[in-house]
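Turn these sequences into a full structure, and let the hints guide you.
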Amino acid sequence: MERIFISCRLEFSASHYYRAAGWSEEDNFKEFGKASRHHGHNYMIEAAVHGGINPETGMIINIRELKKMIKEVLETVDHKNLNEEVPYFQSCLPTPENLACYFFQALSSKIQTACTASVRVYEEESLYAEYRGEVVKA
Amino acid sequence: MKLKVYLTRIYRFSSAHRLYSPRLTEEENRAVFGNCGNPKGHGHNYILEVTISGIPDPLTGMVIRRQNLDRIVEDKIIQPWDHRHLDEDTADFKGNFSTGEVITRIVWEKLRSCLEGASLSKIKLWETSSSFFEYFEKDIETVL
Chain A
1 MERIFISCRL
11 EFSASHYYRA
21 AGWSEEDNFK
31 EFGKASRHHG
41 HNYMIEAAVH
51 GGINPETGMI
61 INIRELKKMI
71 KEVLETVDHK
81 NLNEEVPYFQ
91 SCLPTPENLA
101 CYFFQALSSK
111 IQTACTASVR
121 VYEEESLYAE
131 YRGEVVKA
Chain B
1 MKLKVYLTRI
11 YRFSSAHRLY
21 SPRLTEEENR
31 AVFGNCGNPK
41 GHGHNYILEV
51 TISGIPDPLT
61 GMVIRRQNLD
71 RIVEDKIIQP
81 WDHRHLDEDT
91 ADFKGNFSTG
101 EVITRIVWEK
111 LRSCLEGASL
121 SKIKLWETSS
131 SFFEYFEKDI
141 ETVL
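Line by line, the protein sequences are chains A and B. This note's numbering numbers the first residue of the first sequence as 1 and each following residue consecutively. This note's numbering numbers the first residue of the second sequence as 1 and each following residue consecutively.
A couple of the hints might just be wrong.
[What the hints assert, rightly or not] Each computed DMTMM-like pair below joins lysine to aspartate or glutamate, with the alpha-carbon atoms no more than 20 Å apart:
1. B:K122 with A:D78
2. A:K110 with A:E84
3. B:K4 with A:E46
4. A:K34 with B:D70
5. B:K138 with B:D92
6. A:K71 with A:E123
7. B:K4 with A:E134
[What the hints assert, rightly or not] Quick list of simulated restraints, FRET-style, between CB atoms:
8. A:S7 with B:C114: 31 to 41 Å
9. A:R9 with B:T99: 51 to 61 Å
10. A:E65 with B:K40: 54 to 64 Å
11. A:K137 with B:F136: 16 to 26 Å
12. B:K40 with A:E84: 53 to 63 Å
13. B:N68 with A:E84: 20 to 30 Å
14. A:E134 with B:H85: 40 to 50 Å
15. B:N96 with A:A48: 30 to 40 Å
16. B:K138 with A:T76: 47 to 57 Å
17. B:R30 with A:E72: 53 to 63 Å
18. A:V136 with B:E88: 36 to 46 Å
Hints are computed from structural coordinates only; laboratory data are not their basis. Predicted model, so just to flag it, every value in this text is computed and none were measured. Cβ atoms here follow ideal geometry from the backbone N, Cα and C, with glycine treated the same way.
Quick look at the structure:
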């Protein structure tokens, strides 16, 4: 298959904090610094989708459909407290690394006609994480 | 099942440099390096993207602790290079060209050995808003 991708960028805003379960406030501050306090970000997500070009439409996937699916995924996090209101983050911290994995899995289960190639999550302009569907066997 | 994630942090430094080869004549230098060979030097706002790969730590959810990465890049790259002349004020470019390619390679060499077990995946260096250089962990053929 051709190596061709369609990508889409969307934004959301959410709050979070980094604290390890059972740790004191002091220990959490030592480990995570000011990120141990409840704070928020304007995030940006960039999702890339890979697939064949449909000869009927000239598209890998209809970008309006793609945006709609990404928006549905973002509804689960937008203007939420990621630690307390998103079930995925009951078992791990809402870092950009884990957000990228979460979005990749959520988006993959929605896209039927093409493959999710990568999801990039910007927490700020100078920091982003990307998940490309790679699994390391332990 | 462990998921491999790529974490990128972006840094800036501003440095002077000059491209010049002592093995070429003045005329040949002008032909190869153009105004980048100006004897009095010139400079850029460099933008450096450092990409680390790995499995997020189960405790921190992170591939690498931000403050550790920031400290390493500050010590190895920013502090010695920022607001200095790369060729005249640093040891890194003695006998080396301070081209984007070589700067990118030197960043790779300086960082890869001191990342506390994390794996360096890519270095991307913007010299201007229209030109950038990339150094990958693998042979380029396996990436493309």
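Which of the listed hints are not met by the structure?
1, 2, 5, 9 and 16
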